[in-house]
Amino acid sequence: MLDCTPKEITERKSGGMINPAKTCQPIGAMYAALGIHKCLPHSHGSQGCCSYHRMHLTRHFRDPVMASTSCFTEGSSVFGGGANLKASIQNVFHIYKPDVMAIHTTCLTETIGDDVSSIIKTADVAEGKLVIHANTPSYVGSHITGFSNMTKAMVSYIAESTLPVKKEQVNIIPGFVNPGDMREIKRLVKSMDIEYIMFPDTSGVVDSPMTGEFEMYPEGGTTVEQIKDTGNSQLTLALGRFASSDPADLLNKQCEVPAAVLKTPIGIKATDALLMTLRNSFAREIPKELEIERGQLVDIMTDTHFHFHGKTVAIFGDPDIVTGITEFVLSLGMVPVHVLTGTPGGSSNSAAGSFEDDINEMLTTAGITANVKSAGDLFTLHQWIKNQPVDLLIGNTYGKYIARAEDIPFMRVGFPILDRSVHSYLPIVGYQGAMRLIEMISNTLLDRADRDAKDEDFELVM
Amino acid sequence: MAEDNAGRIAERDGFIVTKGKNKKQLQCDTDSSAGCVSQRACVYCGARVVLNPITDAIHLVHGPIGCASYTWDIRGSLSSGAELYRNSFSTDLKEQDIIFGGAKRLNAAIDGLVEKYQAKLVFVYSTCIVGVIGDDLEAICTAASQKHNIEVIPVESSGFIGNKSAGYRAAGDALLRLIKPSEPIVKSNSINYLGDFNLAGEAWIIHNYLRQIGVELNVTFTGDSHYTALKSAPKAKLNIIQCAGSMLYLAGKMEELYQIPYIQISFLGIEDTAASLRKIAATLGEESMIAKAEDLIAKETARVEAIIKGYRDKLQGKKAAIYVGGGFKAISLVKQFREIGIDVVMIGTQTGRKEEYETINNLVDDGTVILDDANPAELERFMMEKGAHLLVGGVKERPLAYKLGIAFIDHNHDRKHPLSGFEGAVNFAEEVYSTVCSPVWKSLSKSGIDRGVTDHG
Ligand code: SF4
Ligand code: SF4
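So the protein lines, in turn, are chains S and H.
Counting from 1, one number per residue, gives the positions in the first sequence under my numbering.
Counting from 463, one number per residue, gives the positions in the second sequence under my numbering.
Derived by calculation from the structure, the hints in this document are not laboratory data.
No incorrect hints appear here.
Which stretches of chain H does chain S cover? Using the computed rule of at least three CB atoms under 8 Å from a CB of chain S, they are: (1) 504-517; (2) 522-534; (3) 550-558; (4) 836-848; (5) 863-871.
We put the beta carbon where it would ideally sit given N, CA and C, even for glycine.
Isolated chain S (complex conformation):
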């Protein structure tokens, strides 16, 4: 694309996308399903979709991503995919021996109208094995919606309220974040000495250790027992409303577990909110070790604030991540001038509110006016930047084209990151994640300052 984007902004009548800032539901559903222990995600549709979704996840996580497919042929798309799906269910349990098979649909199967839940009901599934499904047509929502929908399916198929009194335990729906982030959230909750169930939980699955053996089902993932037990918890924390609030709502309806919808805990404010919610709901003290971490973070923020103050920034990516990053860079004194997500509004039929409202509210409080858009694409972002350049671009790998064309420092966060490694292991959430973000932002800005400095302005100490 490098620099084909015209500067002049004209009205877009087509509604088509140029350089999308989102992708389709099934990949989100596949990722969520990987977060169940011994689960094989299954793509009900043609081979191509499944192959792309696995490829993309593989590129981001650099770990094997397993999923089976119904392998549609022309016949199945005319006569319906019932036979293919039944054969698939049989074959999958027979050959790959998962505990759970998590089916998601593709555009094709949605369009021809396969009724997946009735097909599952009439399929014979062995004792102790489980088949769940989510409808994930890609002409609605985005990969974030897909993640939300598959997590909803975990609730509707598995969660149960079996006890008269709720247990002193918290459910945590982490949203579409990296396994490194999930680990960090778990660490925070654990150090508060609170029992928890995180679902889905891809840590240990897509960041599994090297053992010299290929394991179809690595050790990680939430077990079916645990998901079932979420119905007995006292509280659900939905982290990131776009990816997590719908399943939390459903769990409330189904099992009367109240839900608190919080931001993805990126940055100091959102991490505080997470810990305070836990403290208040479970009458625990914040442990010393977290107090120290927070103090260190504040120390770092004061040590470095002058690097950030007044710097303009453009942020794009998944709505929950963008919301968290926006709040954090505001707390550093930066000025977000373009904020965009590809995911539309909230997830389908969700109570989740509007991305644009959320962001605008934060910006208004900070006295900033900006371009803010949901359901946007990177063409739009590029045009905005051409018309109002920024000091820093933050987003997933696809931002590199804009960064190069406009010669802007660029920091990679979110999904997908296809051209760098290690990112999926290291958290951006929690106080430690915030420290890492500060390091990443300031290194990006300072490396650039060093590069651009004239000889006489070049300094050892910044």
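On the provided structure of chain S, position chain H with the ligands as indicated by the hints.
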């Protein structure tokens, strides 16, 4: 589907043979079984990879967003000029389009894009959904073509109508429409180069050789090609084909329509590169070319052999497993491995054809496992059984190999260094060496830190 204790799928038996052991014919070119973890892609994917390197075209995907997102600039096809092809255009179909048809949205998208980018050429790819809702791509493209007075070509690539090879055909049909001359052809002395997509600049290496031996190159399908160059394709007097899987169909048609004969060549490895240059010169029949080709081969072979020998000494006796897209590439790889002292112990493809598997069978040693459309469990099983040190494959196979503690090189879309020609042979040897002989394998310890150093090999 029955299965034995080793987790083998009985239905898959026909797709796996061991050379020397059984006389049976390998099955290939069929659909995968429902419920399998297949490594295969779709028709759209096949069509897109062939056409995408046309640098000044708008590649518009008519469908929901995913199909376009996943194919956004993943090929590494380099351009010496236009960059338009590196964008991702999609009609991003919505629910109401699925119900009422996507024609309106498609029209608007074409209009908007043509206005923004002033392109001369638009490809409109159909995805699965379009095949089902039944938009009349042909009519829409024809109308758009007339309206804007440019070429708007439909690519019938609904994913479910077959696998990647059906996509190659769809791309071939689109190319045939594009190159159809409106005036009588004036033949030239030049040749077309088919089946090089200029990954990591590979087509440029070959252009350079052809220039050196005095061959006039007309156009490459489709690496670093553009509208005007492709239009001139019918005037060539010979087609040479590198990637047969994707280009045989087109070459056959061009022979039929424009009387351009074709020959298959391969620029992978020293042996094949030298043989191909000789073959081209001999086919064109010019004495001076034959002599220049010999000069080039002698000079280049001497230069690179010395380097490769260094690697061969270190790699001698290692074993490789191959799992790539097409059969032709697999064949070249066997020979290339031989050049660096490595035996192939397992070889498979996603879309190999019968004749290619026969060639493979003749080429490999007894005991080599040959398999079609494999799944990860099979790849694992045979690599372990055969003691492979290295796997050649694509992006999905990479982490699989690494998890097994096996070295890996990418011979598909993710390659970062050219692997064609004499330069490519050196890069290949170097890449194999750097992964097979990397010290990281020494850190591999199955059961804990104390096991310390394990030797890879
Ligand atoms: S058809 Fe739908 S599900 Fe498949 S890749 Fe395209 S957008 Fe995604
Ligand atoms: S929808 Fe069809 S065309 Fe698109 S990726 Fe899936 S199989 Fe391929």
